[in-house]
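Enquirer: Going down the list, the sequences are from chains A and B.
The first sequence begins at 0 in numbering that gives the first Met the number 0 and counts up by one.
The second sequence begins at 0 in numbering that gives the first Met the number 0 and counts up by one.
It is possible that part of the hints are untrue.
Subject to a maximum C-alpha distance of 27 Å in a straight line, what follows is the list of computed DSSO-like cross-link-like pairs (lysine-lysine) [what the hints assert, rightly or not]:
no., chain 1, residue 1, chain 2, residue 2
1, B, Lys-85, A, Lys-63
2, B, Lys-173, A, Lys-5
3, B, Lys-119, A, Lys-11
4, A, Lys-305, A, Lys-284
5, B, Lys-148, A, Lys-5
6, A, Lys-63, B, Lys-54
7, A, Lys-75, B, Lys-63
8, B, Lys-86, A, Lys-75
9, B, Lys-63, B, Lys-148
10, B, Lys-173, A, Lys-28
11, B, Lys-63, A, Lys-135
12, B, Lys-124, A, Lys-11
13, B, Lys-155, A, Lys-8
14, A, Lys-281, A, Lys-305
15, B, Lys-155, A, Lys-11
16, B, Lys-54, A, Lys-8
17, B, Lys-54, A, Lys-135
18, B, Lys-41, A, Lys-63
19, A, Lys-75, B, Lys-54
20, B, Lys-119, B, Lys-41
21, A, Lys-75, B, Lys-85
Honestly, the hints are just simulated from the structure, not real lab data.
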Amino acid sequence: MAVCNKYEKLIKQLIAGEIRHEDEQALLKHIEACQHCRQLVEAHRQLTAKDVNLPDAAPEDFTKVRQNVIRAIRNKETAPKITWYHAIADYMSSYIARPAVMAPLAAVLFLTGYFFHSIILPSARQTDSNLIQQLKYTAQQNTDLQQVENSPYIFSDVRIKDANGDLIALGFNVSTHLELVRPKTDPLVKEVIAQAVLNPASLGDRLKAISYSEEIIDPKVKEALIFALLNDDNLAIRIKAITSLAKYPFDTKIQDALLKILKEDQSVQLRLLAIDFLTNQKLNKQTLEDAIKNSNGSQDAFIRNKLYQQIRN
Amino acid sequence: MEISDHELIQQAVRGSLESYDQLMERYQRLVFKVAFGFGKNKQNSLDITQNVFLKAYENLSSFKGKGSFRAWIVKIAYNESINWIKKNKYYESSELFEEILMNHCDGISQEDELLARENKTQLLKSLFALNTRYRLAVVLRYFNEMPIKEISGILKCSEGVVKNMLYRSLRQLKQNLQEMSHDNRPRRGEKHGSLQ
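Full structure from sequences and hints, please.
Expert: This is the structure we're talking about:
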């Protein structure tokens, strides 16, 4: 064995593919007489010569593996995140069919549930909401200024404060652009249209939002239209709002808004539209006359004549 | 010109699954062979390969690009293989060597074929009986023809240590072969290790 120690170094060089030709010859001569070293060199040769090789999979096997991976990634990205408390609930549900097991567990579950709902869940929702996960993911992806500028999320009204230790407290509004197809009855559709009527968007966008509001009869959208009618700076928006409100069932809120227009608005066009609208609703004559009686707006005489004509008709 | 690993990784991190598909295609055989050193048959090894690529995707943004992607993916393949062994520790594959031997016995006489099969079976059995860390070194060196330097990077040890590991692996293979052919003693148990 003492002699073999000398050749151990050469076998290691052989394994590494670093052996010199003369050393290899010396090793080959040695293994003729030494069974121990011969078996090592034989094993090395068998493995190197690919006498035994690990098999390869077929190309279609690899294609299937890759397809499975891509599918799993897509599912993971779109599926809702399964949290640990959902996992516990799923596990416990397998015991529901066994009352003997469930009875003692019920008390534990009740207490645990109370604990989760009153303490853990609110904070978990706060820190791990889907939106925050999305924001963090997008922030990770944005590696340069151009990407930041093109980010789907826009932060505004940012407030930054020091928190304990290495923590920092952030407050901000976040807006993003989404594209969805939803039924006209969907609450989100109503909310978006109501906001679109009120938000300081372009004139065209707001007119379009008001047009769609005619198809979505909703109290929130109606209030947005009334607000636009009474307060918007742009006459086109106000005229569009009044024509859209005509599609809504007549009620006191619409009536009050129209009477206010009739009584004190500076736009003759709007007041004439209000007269048309109100007289079509067969509103009490006295109420209409009272609205115009004390008015001191421009073209009052003309408005009054128009009103009397309408009432007579 | 072929697009570099680094570029594919950057694109995949930004959400391009096509780029990740290309990256998988590049390394699927390497990962499969590493996995085969532990999964011991084709189906198990394909399952491990799938897990490796999923794990790699989940951690792709943490790949800093200091080392090669090849070394990084081999480390994941090794760790996933160890996890697989732990989860399937009672697994024994009876058809283990058939699919390996099927492709390597053409063009020889029936008697020689039987002898060759027996020799290869013994060698593979002794290979799969190696300590997992030594087995990885053998799989990388002999079945993926990886240089000692690269193996040392994956195993986080010096080149000298890798050479020692391979030498000891050969000695262990020889010893296992002797035990199997002469003593008929039970196979050595697997010892698990993990790459960090």
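Enquirer: Now tell me if each hint is right for this structure.
Expert: Hints, one by one, checked against the model:
Restraint check: the Cα-Cα separation between B:Lys-85 and A:Lys-63 comes to about 25 Å, which is no more than 27 Å; the hinted pair holds. Between the alpha carbons of B:Lys-173 and A:Lys-5 the distance comes to roughly 19 Å, so the proposed pair stays at or under 27 Å and holds. Taking the CA atoms of B:Lys-119 and A:Lys-11, the gap is about 23 Å. The hint holds against a cut of 27 Å. For the proposed pair A:Lys-305 and A:Lys-284, the alpha carbon gap of about 13 Å is at most 27 Å, so the pair holds.
Using a Cα cut-off of 27 Å, the hinted pair B:Lys-148 and A:Lys-5 holds, with the two alpha carbons roughly 24 Å apart. Of the pairs offered as hints, the one joining A:Lys-63 and B:Lys-54 holds, with about 17 Å between alpha carbons and a cut-off of 27 Å not exceeded. Under the criterion of a C-alpha separation no larger than 27 Å, the hint pairing A:Lys-75 with B:Lys-63 is consistent with the structure, at around 24 Å. Taking the CA atoms of B:Lys-86 and A:Lys-75, the gap is about 23 Å. The hint holds against a cut of 27 Å.
A C-alpha spacing of about 20 Å is found between B:Lys-63 and B:Lys-148, which places the hinted pair at or below 27 Å, so the restraint holds. About 20 Å separates the Cα atoms of B:Lys-173 and A:Lys-28, which keeps this hinted pair within 27 Å; it holds. At roughly 19 Å between alpha-carbon atoms, B:Lys-63 and A:Lys-135 fall within 27 Å of each other, so this suggested pair holds. Restraint check for B:Lys-124 and A:Lys-11: satisfied, since their Cα atoms lie roughly 23 Å apart, inside the 27 Å limit.
Taking the CA atoms of B:Lys-155 and A:Lys-8, the gap is near 22 Å; set against the 27 Å cutoff, the hint holds. Taking the CA atoms of A:Lys-281 and A:Lys-305, the gap is about 16 Å. The hint holds against a cut of 27 Å. With a C-alpha separation of about 19 Å, the suggested pairing of B:Lys-155 with A:Lys-11 holds against the 27 Å cut-off. Between B:Lys-54 and A:Lys-8 the alpha-carbon distance is near 39 Å, which puts this suggested pair outside the 27 Å criterion.
For a cut-off of 27 Å, the pair hint linking B:Lys-54 to A:Lys-135 stands: about 20 Å separates their Cα positions. Taking the CA atoms of B:Lys-41 and A:Lys-63, the gap is about 13 Å. The hint holds against a cut of 27 Å. For the hint linking A:Lys-75 to B:Lys-54, the alpha-carbon distance of about 12 Å falls within 27 Å, and the restraint holds. Taken as a hint, the B:Lys-119 and B:Lys-41 pair is honoured in the structure, with Cα atoms around 18 Å apart against an allowance of 27 Å.
Between A:Lys-75 and B:Lys-85 the CA atoms are separated by roughly 25 Å; this keeps the pair inside 27 Å, and the hint holds.
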